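Participant: Going down the list, the sequences are from chains R and V. Once you know that position 109 of the first sequence is 109 in our numbering, the rest is easy, because the numbers rise by one and skip nothing. Once you know that position 83 of the second sequence is 83 in our numbering, the rest is easy, because the numbers rise by one and skip nothing.
Worth flagging that the hints you see were computed from the coordinates, not collected in a lab. Please note that the accuracy of each hint is not assured.
Per the computed footprint, the stretches of chain R lying under chain V, defined by three or more beta-carbons under 8 Å from a beta-carbon of chain V, are [as the list claims (entries may be wrong)]: (1) 4-16; (2) 22-32; (3) 36-47.
In silico DSBU-like cross-links for lysine-lysine, where the CA-CA straight-line distance does not exceed 30 Å [what the hints assert, rightly or not]: (4) LYS206/R x LYS162/R; (5) LYS141/V x LYS38/R; (6) LYS72/V x LYS206/R.
The model shown is predicted, which means the values in this text are computed figures rather than measured ones. Virtual Cβ for every residue (Gly too), placed ideally from N, Cα, C.
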Amino acid sequence: MRTPEPVRWIDAGSEVPETLRTALRAARADAPSTQLLKRVEAGVRAQGLGPRTWPFESAKLPLASSLAFLLALAAGASVQRRSQRQGQTAQQVAQPSVQAQPARSTRLELAPPAAGSSEPLDSKRRSSAHKPQPSHQNPTRPKTDEIALLRAAHRMLAVDPKRARAILQQHARDYPNGDFVEEREALSVEALLRAGMPEEARAHAKRFVLRYPRSPYLRRVHACLDGQLD
Amino acid sequence: MSDELSNVVREQGPFVWRSLRYLGVPEPQLEDLCQEVFIVIMRRLASFEGRSMLRTWVYGICCNVARSAARKRARARERPGAEEHETPVAEQQTQILAAREVYAVLQETLLALPEETRMVFVLFELENLPMEEVARSVGCKSSTAYSRLYAARTRVYGALQHAGLLERGQTLAEVM
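Work out the full structure, taking the sequences as your base and the hints as a guide.
Facilitator: Structure representation (C-alpha cells):
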C-alpha cells in the first residue's frame, strides 16, 4: 500500500502558521529575471545549440557539428557581442575589440603564420587601434562575404581541411578586424587538427584560450583537442 | 525569437535556478551555471526517454553541473574579481515578503541541512514534486525520502520556533 502524500506546508490544508506559508510562497517565487533568462538563452544559442541542432556530437565534429553552427555565428554572435559591448552580458561572449582584450593578448598572433598571411594579426590590430576602422577590410564588401567565407571553410573541414585552412587564412587577410575573428580562430584549431598538424592546433588553441578566456567556443576548442591542452 | 529553446528556458528556468541555489551554488555563479545546465539539456534532450518526469531529469542535470562546479571551486577557490551579478530577487518576491524574517531563517536553515535532506524538502515543498518523483530525483527509496522530509521539517520548524518567529503555538506534531 502506498504511503499517502503528506500535506504540503504551503497548501491551505496544512496547519503551519501563515507567516511560514508566506515565506514558502516567497521561496517558491524566487526566480531569475526575464532579462537573465534571455541572456542564458542567448548564451546557449551562441554555442550552436539551437533547437534543431541537438543532439550535438562533439566527439565527431567538435567545433562545427552542423551548419547551424555557422548560422548561429551569423545570427547570434554579433548580437551577443553588441550586448557585451554595452555591458549587458557578464560573460560567455566574445571579446572582439582591442580594448576589450586582456593586456597579454596583444602579444598574440592568432592567425596561422603561413605564407600569404603577411602580417601578424595583432600588429594589424595595434596599427589599426589608433584610428576608427570599419569592421571589414574592404568596406565595399558586404558582411555576407565574411560569413560566406566561414561557411565555405566549414564545408571544407571534413572533406579538405587544407582547403579549409586556406579559406580561413583568406578570411584572416580580408577581414583582420572582421566581426567573426573569434569564430575563425576557433575553426582554425579544428582545421589544423584535421590537416594533420596537431602541434600547431595545440599551439593555436592555447593562444585562443589566452586571447578569449571567456569565449563561448572555449569548451569546443578543448573538446576538439580531446584534453590535449594543458 | 520564440522556439523550443526559448520555451525550455522560460519553462524550466525558474526551476533550474532554484535547484542550483539549493544545491549550494553561490549567487555569483548562478547565471553561468544556469546556462551550463541548459547547454546540457539542449545537447541531451533527444536522449530523454520520458521514464521520469522532465523535472526529475532536469534536476539530475542540475546536480551534475552543481557538483562539477563545486569541485572546481574547491580546486581553484573563487577566481578573484569575479563579477557580481544582479540580485535575482524577483519583484513579486519582495512584494510578498511580509514574512521576511521567516524567509531568511528558512533559507538559512535549509542551506545548513545536509544536501540530501534539503533537496527532499525543496523538491516536495517548493517544487511540488510527488514524493515518488522526489525519491527518484535524489536516488533513494520512498521511505527514506519521507524520513528526510520529516527531518527537514523538524529542523526548519525548530529553527523558526527558536527564533520566536511563529506567532501561534502549533506544535511540530500538529503541522507534520
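Participant: So, for every hint listed, does it hold in this structure?
Facilitator: Consistency of the hints with the structure:
no., hint, result
1, 4-16, "holds (count 8)"
2, 22-32, "holds (count 11)"
3, 36-47, "holds (count 9)"
4, LYS206/R x LYS162/R, "21 Å, holds"
5, LYS141/V x LYS38/R, "37 Å, violated"
6, LYS72/V x LYS206/R, "20 Å, holds"
In this structure, the one hint that does not hold is number 5.
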